[in-house]
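Protein chains in written order, with the working numbering: chain A, 1 to 363; chain B, 364 to 689.
For the record, the hints were derived by calculation from the structure and aren't laboratory data. Quick reminder that beta carbons are idealized off the backbone N, C-alpha and C, glycines included.
Negatives, chain B to chain A, calculated, CB over 12 Å: (1) 385; (2) 398; (3) 495; (4) 567; (5) 587; (6) 660; (7) 689.
Part of the chain B face toward chain A, derived, beta carbon under 10 Å: (8) 425; (9) 453; (10) 457; (11) 468; (12) 483; (13) 535.
In silico lysine-lysine, DSS-like type, Cα no more than 27 Å apart, as pairs: (14) 273(A) x 494(B); (15) 434(B) x 266(A); (16) 252(A) x 388(B); (17) 266(A) x 448(B); (18) 252(A) x 458(B); (19) 273(A) x 458(B); (20) 252(A) x 459(B); (21) 458(B) x 266(A); (22) 266(A) x 500(B); (23) 489(B) x 273(A).
In case you want the letters, here they are:
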Amino acid sequence: MNQEEYTYKRRQILSSQVDLSKFNAKDFEKATDEEKRQQDVMGESTTFFKDGMRRLRKNPLAMGSIIVLVLIIASIIIAPHFCPYSYDQIITVNGKRDKSATNMGPMEFSKMEQKYMDETGEELFPHLFGTDSLGRDYFIRVIYGTRVSLSVGVVAAVMVLIIGLLYGSIAGYFGGTVDLIMMRIVDIIYSLPDMLMIILLSVVLNETLTPLISGTMLAKLGTNMISMFIVFALLYWVGMARLIRGQILTIKNNEYVLAARCIGTKNGRILRKHILPNCLSVIIITTALQVPSAIFTESYLSFLGLGVSRPLTSLGSLANDARGAMQSYPLRLVIPAVIICLIVLALNLLGDGLRDAFDSKLK
Amino acid sequence: MSEEKYLLEVEHLKQYFPVAQGFKKIPLKAVDDVSFKIRPGETLGLVGESGCGKTTVGRTLLRLYQPTGGKITFDGDVLYDSENKIDKDMLPYRKKMQMVFQDPYSSLNPRMTVEDIIGEPLDVHKLYSNKAQRREKILHLMELVGLNAEHAMRYAHEFSGGQRQRIGIARALAVDPTFIVCDEPVSALDVSIQAQVVNMFEELQEKLGVAYLFIAHDLLVVHHISDRIAVMYLGHIVEIADADELNNNPMHPYTLSLLSAVPIPDPETARNSKRIILEGDVPSPLHMPSGCPFRTRCRYATEKCAEVNPELTDRGDGHLVACHNR
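If we strip away everything but chain A, and leave its shape as in the complex, we get (with noise of 0.2 Å):
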């Protein structure tokens, strides 16, 4: 392209901004008081949670997680109220002790409770998961399990987060020698070897607390349970408790945190209304896997022989009844095994996306 041509394209480039054939009267046309008013609209303001459950609603895995996690704990909940079998009691028929019906596959019936029902024509509730190998109803005793196992997780993530909560804040908050004094603390809880904090917590426990808590509800759930409930509370909170002092410290750098204590807010007030809700998101998070992890710990030391006193059971302890007998009823094992799975997988992959829905940086 010479020069002149190069011009010439130029100037026609610029004529045609100003080419008045393209446009009519129409177009110079004042705008009307509505038109004006539709360039006046902006996005509706949002609230933080509003926003984030927004995003939350868009992840397909997180909602997939919220829906089995729902299914779980429906079941959980109406399961007892319309399955006749109780998670102790060995099936009986009319009165007499069924001796025949011990390792049934699912929804098999003993010979005496088919026989029963051959003769009066009734219906009896079938054993979904079969029985065990004391003949209890194995459906039942699933359901009771995981019940134990969620409300250890749901327990023990609550009483982390209101100690680490607690702990965190102050020891962030003031800093200087208190965060120095409140973190060595930290620093020696964590060295302790929790595994060993909970045999010993549980063999001392079983002689004080047993005839203290014998006839209440406690006793159900057993000593190593109440150890296991006291060792959340002594050691697991350490890390909830780091995790906050470290977004605190952050967040309390920030100017309108200098702009508050410059308007004369107090340091309850700012820890409320500036720092903490900048740090919910954090807090819902790490609340969310602390669930799964609780279960997690709850499961092996069940497996182990740690957990929840018998006839009561949990998913580990189940597993761990399920081993012996493996090769040929690998059922047992399977089916607790895999809903532990599945709810640690539940709220793994909901931690994940309150995360990406609530965390600020990733906006």
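Chain B: place on chain A using the hints.
Just chain B now, kept in the frame of chain A:
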């Protein structure tokens, strides 16, 4: 001059921060012996390069840091005096002294609506009797800084930098202060918006009669808004003068070099003017040079400069300079 009533008097203010070096703690002298006075309704500009202690002066004034020494008098009340051990509770004075922050992005809480951000000082000092009155005050403040009333329920991240800075200014104005520390309020903004915000500061001063300590590193902006200008170097004030006087008749060698670095919007003049380029770097505030802090980079430095730190002395008409040789 001494009969005149001052709003704020700062005398020999010191702010050291302990810095651990190995096992020893060495004081970092961020602000060392700074004195100045501000009249009601006046703007004192404070300039200096990064790290010279401008922001620390502002924050120490508002007692966001505990000062190491000196005396601060506000409106006749001694707020802090290290010699007489006076250390007053700041809460009642927070209503009279406020601050506008540098970074409009980190100075607003992302979890709060504009209404709550501006309303927080009202809540803290209980400046309203009912919800309607609170809302009315907030809307009035928003109007004052040129924000739309419809924006009250929005979050800070929905605004541009200039608008965010206006929110920050509205928050500072909420308690009807008589003195505002403006800590580089326009440095983080686009040049086009800087002008708007600086003009707004001037309008607000006319309307409300507030005094400013206007901290900035842009000499042009400071000259535009200030009545008087103080130049800081390494924690010391080296020169204070009326804005025009400082511009036309700078005396301290550091002020000279600062002024020569101001860009000139005319290439012809710019080519003919000579820049004074300083040698070397700013010394570390951990290891201050003896005597005058500027002597290591000063071309007029003599032996006396290494021995005695020059005091601020009056060279006529309130033009104070701290230099032995000029």
